[in-house]
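So the sequences go chain by chain: A, B, C and D. Going by our numbering, the first sequence opens with residue 1, and the numbers climb by one from there. Going by our numbering, the second sequence opens with residue 1001, and the numbers climb by one from there. Going by our numbering, the third sequence opens with residue 2001, and the numbers climb by one from there. Going by our numbering, the fourth sequence opens with residue 3001, and the numbers climb by one from there.
Simulated from the structure, these hints should not be mistaken for laboratory data. Among the clues, some could well be false.
In silico DSBU-like links for lysine-lysine, alpha-carbon gap of 30 Å or less [as the list claims (entries may be wrong)]:
{"id": "1", "chain 1": "A", "residue 1": "K555", "chain 2": "A", "residue 2": "K408"}
{"id": "2", "chain 1": "D", "residue 1": "K3011", "chain 2": "C", "residue 2": "K2033"}
{"id": "3", "chain 1": "C", "residue 1": "K2113", "chain 2": "D", "residue 2": "K3007"}
{"id": "4", "chain 1": "B", "residue 1": "K1003", "chain 2": "D", "residue 2": "K3250"}
{"id": "5", "chain 1": "C", "residue 1": "K2244", "chain 2": "D", "residue 2": "K3337"}
{"id": "6", "chain 1": "C", "residue 1": "K2274", "chain 2": "C", "residue 2": "K2080"}
{"id": "7", "chain 1": "B", "residue 1": "K1010", "chain 2": "D", "residue 2": "K3154"}
{"id": "8", "chain 1": "C", "residue 1": "K2220", "chain 2": "A", "residue 2": "K555"}
{"id": "9", "chain 1": "C", "residue 1": "K2142", "chain 2": "C", "residue 2": "K2255"}
{"id": "10", "chain 1": "C", "residue 1": "K2274", "chain 2": "D", "residue 2": "K3007"}
{"id": "11", "chain 1": "C", "residue 1": "K2096", "chain 2": "C", "residue 2": "K2058"}
{"id": "12", "chain 1": "C", "residue 1": "K2255", "chain 2": "D", "residue 2": "K3174"}
{"id": "13", "chain 1": "A", "residue 1": "K589", "chain 2": "C", "residue 2": "K2220"}
{"id": "14", "chain 1": "B", "residue 1": "K1003", "chain 2": "A", "residue 2": "K262"}
{"id": "15", "chain 1": "D", "residue 1": "K3011", "chain 2": "C", "residue 2": "K2274"}
{"id": "16", "chain 1": "D", "residue 1": "K3337", "chain 2": "C", "residue 2": "K2255"}
{"id": "17", "chain 1": "C", "residue 1": "K2195", "chain 2": "D", "residue 2": "K3282"}
{"id": "18", "chain 1": "A", "residue 1": "K65", "chain 2": "A", "residue 2": "K326"}
{"id": "19", "chain 1": "D", "residue 1": "K3185", "chain 2": "C", "residue 2": "K2229"}
{"id": "20", "chain 1": "C", "residue 1": "K2023", "chain 2": "C", "residue 2": "K2113"}
{"id": "21", "chain 1": "D", "residue 1": "K3281", "chain 2": "B", "residue 2": "K1003"}
{"id": "22", "chain 1": "D", "residue 1": "K3325", "chain 2": "D", "residue 2": "K3337"}
Remember, predicted model here, so these are calculated numbers, not experimental data.
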Amino acid sequence: MQFDPFVIPFNIGLYFILIYSVVRSVIWFRDLSRPDKLRLQRGFFGTAFVQSLKEIFLESLIHRKILKTNFKLGYMHMSLAFGWFLLILFGTIEADIFGTKHLNAPYKAIFFRFFNPEHGGMGFEAVYGFFMDLILAFILSGLFLAVSKRFYSKVVGMRKTTRLKATDKIALISLWLIFPSRLLAESFTSGAHGNGSFLTGSLGSWLATFLPAQQMAYPFWWLYSLSLGTFFILLPITRYMHIPTELFLIFMRNSGIKTGDKSGTYSEVETHSCSSCGICIDACQLNFSVGITNIQSAYLMKAIRNNDDVSDIAHNCLMCGRCDLKCPVGIELSPIRMIQRRAGEPENDFRNIYKGYFRSRQSVALEKTNGSSAYDFLPENNPKKADVLFFAGCMTHLTPTIKNSMIKILEASGVNYNFIDEQGGVCCGRPLMLAGQDKEARELINYNSRMIWKSGAHTLVTSCPICYKVFKESYYLDVEVLHHTQFIKRMIDEGSIKMNFLHKKVVYHTPCDLGRGSGVYDEPKDVLKHVSRLEKSKFEDENSLCCGGSLGNMKISNQQKSKIARDAAAELTKGNPDILATACPLCKKTFSAVTETRVADISEIVAEAMMQPSVKKYILKQVNSIKELANI
Amino acid sequence: MEKFGFTISKGRQIDYESNDRRIAEYIFEREPSFRLCIECGGCSATCTTGNLTQFSLRELHILIKRGENDQVRQNIRKCMLCGKCTLVCPRGVNTRNIVVLAKQAFQKSDEYAI
Amino acid sequence: MSKQVIVIGGGVAGLEAAGQLSKAGIEVSLIEKENKTGGHLNDWYKLFPDRRNSSEVKEYLDGITHHDGIKLLTNTTIEKFNSNKSHFSIITNEGKELTADAVVVATGFDLFKSARKEEYGYGIYDNVITSTDLEEMFRKGKIVLSNGNVPKTIGIVHCVGSRDEKVGNLYCSKLCCVTAVKQAIELREHLPESKVFCFYMDMRMGGAFYEELYREAQEKWGVNFIRGKVSEAGEAIDNKLIIKVEDTLAGRPLKMEVDLLVLMAGMEMSEGGKKISKMCGLNTGENRFFAVADHHYGSNRSNIKGVFYAGTCTAPMNITETISHARAAVSEVMDYLKNVRK
Amino acid sequence: MNIEGKKAIWKDYQKEIADDKFYYVRSCVRQNFFPGSETAFLKIMREELKKDVYEHPCHTTCTGIGYHSDIVPVETTMTVVARQFAIMNEAGYENLMPSCITSFGLYTEILDTWHHFPEVEEKVRQQLKKATGREFRIPKNLAHASDVIYKFRKEIAAKAKYKLINKNTGEPLKVVDHIGCHYAKMFPSKGVGGAEYPYVLAGMIEEWGGQIIDYPERRHCCGFGFRQYLVQANRGFSVACSKEKFESMKPFKPDMIITNCPGCPMFLDRWQYVINEMEGKKYGQNEEGIPVFTYEEVAGLVLGYNPWDLGLQMHQTDCEPVLDKMGIEYSPEDKYKTEVNALYSESHNLINV
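Could you build the full structure based on these sequences and the hints that come with them?
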């Protein structure tokens, strides 16, 4: 008995998914840019491949990162992924060893017990059977968690669970049915033949006491095959596509491919690699502060996969980057969101099944412009020459104490500086970029670049992390860009500015664009430690919160922004600090409005701690006059 | 057309009934805070663009509401989206989104594309 | 024998003053020219800013004036006024003589007669109405045009008869802005399909919760506010009203069609008040309201000892202020009666 | 529209108009624009109403056009006007009756100025004395010629041969009245019916059988506006004003326009042609234009005068549709062949009878 019609659904599904994978891979590879193709080739023959295998094992099967974040959720993912992997692996070995011949068709391994009902009676066979039952039990325990999560998300310790579309639901049910139907099919078969191990055997013999096991087994084998077949066929148009895609993602990432600023194979692979695990939803302040639960990255990925109009979702985000760092799959969520913002609304969003399987690349709305400059009114600027430029930025101009503190610090530091936007400068361009308007942003970038270049400076200091990020990333400048906290740290290290220790308890809020956005975590804290008692909060460094004032989100209301700010400030000031310190004028302004605690920029604290320059000057003057007298 | 050495002047009057207010409706639908403006002019006072060239967000705001789209279309691109206006606004109007939506609305309608 | 006080006017101020005086054991003669008390409160349906029913305030006033010490004379006007040092006597239209130790003048205000602003065509164009006409419609729960149709676009003109030198009123009536906002909201409530436009010169939302109401009108009800004084209204062939205004914030003249135009009539010194001022020799100010002895601490006192003012006969006030002012008048009266030398 | 409301307002604006012995001063421009009007007026006054109307050959412009165009200083204007008064006094008349709305407005304005600033009047007195040796008295009554026709509208109606009624349908003709801006806008109390709802022409129309049309732009200027018209480059504004009015009255389907100002009928009439030439836009029923008349012309038609004697052939927008509706008989072939001074017998050729 080597064949039975019930295996047909499984076979169809399996071969479909295999062929589909090949075709899809070819398309993806073809769409890669030339340098990325080279990277991939190099990666294949280099360490990237080995690295990827390790990562695939750790992340795709074991789900190490999810385990770390949330053990129960991790276990659920692990039991399903790793368990299934083991089941397939050992099932194949089982069929190979104990089957009638070697190198069987896959269905022989999957439906081994059907074709070898007498197998597993004793000895090594029994031990192996026990092992296979153990794997099945492992999977079923995870499945139990998954089913519970669907109905009650607290089970796995999550606040929100992702919402599903119809095809996802069918795929989900077929996935759920796979293992219970295997269990029942195997149990009935075992029951009929009086074998099977602790799970299938015991269940089988018990069922056989009141049911005709032999007759009952066959329909469940059909159900098992049908569930598998359905699942495979639906796989490419559901979120379960992440299972195969993640392997590509890991390999591509290890080969050094990055998301970039245009949609392409990599962003496509990333989008499909999202398992909708929902960790991003949990991390999102829009969720836990203001209850917006339809715009998080998991939903964005899903909407992109579904060819939905994503512009509303794409723009409704603080761009704080919290989810980027928490994504267990390592998808570059913010860059993908930025791609969507730049893309604008799609011209046409018709959908069909075929589209689902072979999604056309994002059709970007053609910009209807007359090509003329939007900012041709900007005046010619000829800054005075200096070594160091200070660019306060728009937001700093609305927080004049920061501006004045920086002037004081710069004066005291003795560097030859020029306050380049003292009379009010031109925007750095990042706000436009955040709105997806890169072309316009580029005009401002060029304008500011020209001005910076003309000044002949070697260092550019800015007070605003928003400006800092864009200066670092999108300006092609031949100058060193420093955030003012970095500059102050340097001045302290060099001994250029002297400060008194302020006996104040300070908690530091890491601004999104400075911390997660630009990787500047330590310098601000070092400066604060130098002048005050820096306390830790629950939200440090990469886990820091967004103040809510972000220019990244244009969809939420002022009240919602305030709510986010209030919640964040409340968390940060739990230890009753004297000062809530930040390093961003926008964070300062946002927090100041919602907390009783004094909110201050680091520059303000430093300026306060600095020896009064007038006193210093006065003493120096006296000392000098004494020296002069002494000389006489 | 010109004849007899002059042409018939076009009035400056806003003709509310014949004006096309679809741009305004597009924004109203997507940004409810558009209703909240009390025309205080804080946004225009802080505006970088407004201090460099003829550009008043407050005025554009009202012109959109009245359906005087031409003038808005010619000027809305000058905004740098820097967000100072949003910070200054006493009524919590999401000014940046209004600019973005206005641009979007113009972009969508062929007759007004910018 | 207890002291006697005559209160002239049975509106909010008069009722409150009479009630408080009688509570203090004074015998009060309350004179009202109409056949019932309540004054303008009877013309209003709901009150700003909380939009409670005006009858609730009326009930309160009726409650405190239901007192044996109050002699209510309705349909009564004053024909003659005599004062002899601390003794006052009044002869009514029915020839009755009333005597008192003090007099409280609470003659209130008259609404500006909107027909005087000829350019708006009140009384000429069918669908130009005043704020009181609209209150009447609210009370009936039916807001319709003269032809029975439901209005789709409604214009509300602020400052009709206020801040207008052309009609001789330089002052601000204070309450029309908030009334306009209240009525705009009510219009949107009654007619959810309608569009409402308020044409204002300045939004003077000085009272408690007025600004909040203004914001609600914008945010929740989508009421449109256009800054500019309507210069004129004209009637088009389809009975629609064509109004002209400068959209001062756009710096451009604006022309639009409305189905219904509501005029926010301001407050003026009442005709009765004018008559009494002449009869008694009470001073009036440039705004024609009674001139008070001192704007800071003597706003209830007149130029005649023993004659006091309560409420809107001295200046535009809302109900809260009127009631406070009437109570203050009572305190002045009590003080006077205690210290007056016979 | 509630006519009772209007009547209430009209009641508030009643002015005193002299009964007889008028000193008539002609308009500078009307004799060129609508040459039959003033002649017809005199005929109606003298022959139909038997009134004493006096004209003086030494009467000059009031300088209103120069004044409103910022060319003539106000003191000069006042002195010229004082001279007119003096001449009138010398002729033994006290009731001034200008034909021109701007003159009427100017006289009203000057009298009001003198009333408030007697020192100005005194100065003008001295200037007049110095310049001409004349002295003057303030006129006893100042009424525009249309006020006088308004006053005698019933007498005219009693003698009417035609009515402002469409003979074919029996419906009253729909008449738009256009009042010159300087008639009452500056001094509403000096106009019959005030400035908002002037009654001076409406009263005539009502009395003579027509139906008055109230349309949204009734207050709007015709566009003459002196500076607008006098400078060629500004004429675009002038036409735009007239156009605004035509657009606004269009839905009411007016049969005719009646005016009481020198400039208004000129521009409302001529600009219809210009608008058609420039934009191909025609107004009126069957797109034949809306005929524009002066009140004297209408009075003349009502009294049965020959349209060509009234000078209707000088209109750019043909008046025949109205004549046909009213049932007035006329010979089209005579349109441009009328005899000089046909309205008057020989003796009337002189200025004063």
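Here is what the structure says about each hint:
Only pairs whose Cα atoms come within 30 Å are accepted, and K555/A paired with K408/A is rejected, the gap being roughly 38 Å. Among the hinted pairs, K3011/D with K2033/C is consistent with the structure: their alpha-carbon atoms are about 29 Å apart, no more than 30 Å. With a C-alpha separation of about 16 Å, the suggested pairing of K2113/C with K3007/D holds against the 30 Å cut-off. Note on K1003/B and K3250/D: the hinted pairing holds, with a Cα-Cα distance of about 24 Å set against a maximum of 30 Å.
Proximity of K2244/C to K3337/D is assessed by CA-CA distance (about 47 Å); at most 30 Å being required, the pair is judged violated. With a C-alpha separation of about 14 Å, the suggested pair K2274/C and K2080/C falls inside the 30 Å cut-off, and the hint holds. Only pairs whose Cα atoms come within 30 Å are accepted, and K1010/B paired with K3154/D is rejected, the gap being roughly 43 Å. Taking the CA atoms of K2220/C and K555/A, the gap is near 18 Å; set against the 30 Å cutoff, the hint holds.
The suggested pairing of K2142/C with K2255/C holds, with an alpha-carbon distance near 28 Å, which does not exceed 30 Å. As the CA atoms of K2274/C and K3007/D are separated by approximately 28 Å, the hinted pair is consistent with the 30 Å bound. Taking the CA atoms of K2096/C and K2058/C, the gap is about 28 Å. The hint holds against a cut of 30 Å. Taken as a hint, the K2255/C and K3174/D pair is honoured in the structure, with Cα atoms around 25 Å apart against an allowance of 30 Å.
Of the supplied pair hints, the one linking K589/A and K2220/C holds, its CA atoms being roughly 28 Å apart against a limit of 30 Å. Note on K1003/B and K262/A: the hinted pairing is violated, with a Cα-Cα distance of about 56 Å set against a maximum of 30 Å. For a cut-off of 30 Å, the pair hint linking K3011/D to K2274/C stands: about 24 Å separates their Cα positions. Distance restraint check for K3337/D and K2255/C: the Cα-Cα separation of roughly 47 Å exceeds the 30 Å cut-off, and the hinted pair is therefore not satisfied.
In summary, the hint linking K2195/C to K3282/D is not supported, as the alpha carbons are separated by about 35 Å, beyond the 30 Å threshold. Only pairs whose Cα atoms come within 30 Å are accepted, and K65/A paired with K326/A is accepted, the gap being roughly 9 Å. Between K3185/D and K2229/C the alpha-carbon distance is near 19 Å, which keeps this suggested pair within the 30 Å criterion. Our distance criterion of 30 Å between C-alpha atoms is broken by K2023/C and K2113/C, whose separation comes to about 37 Å.
Between K3281/D and K1003/B the CA atoms are separated by roughly 14 Å; this keeps the pair inside 30 Å, and the hint holds. Of the supplied pair hints, the one linking K3325/D and K3337/D holds, its CA atoms being roughly 23 Å apart against a limit of 30 Å.
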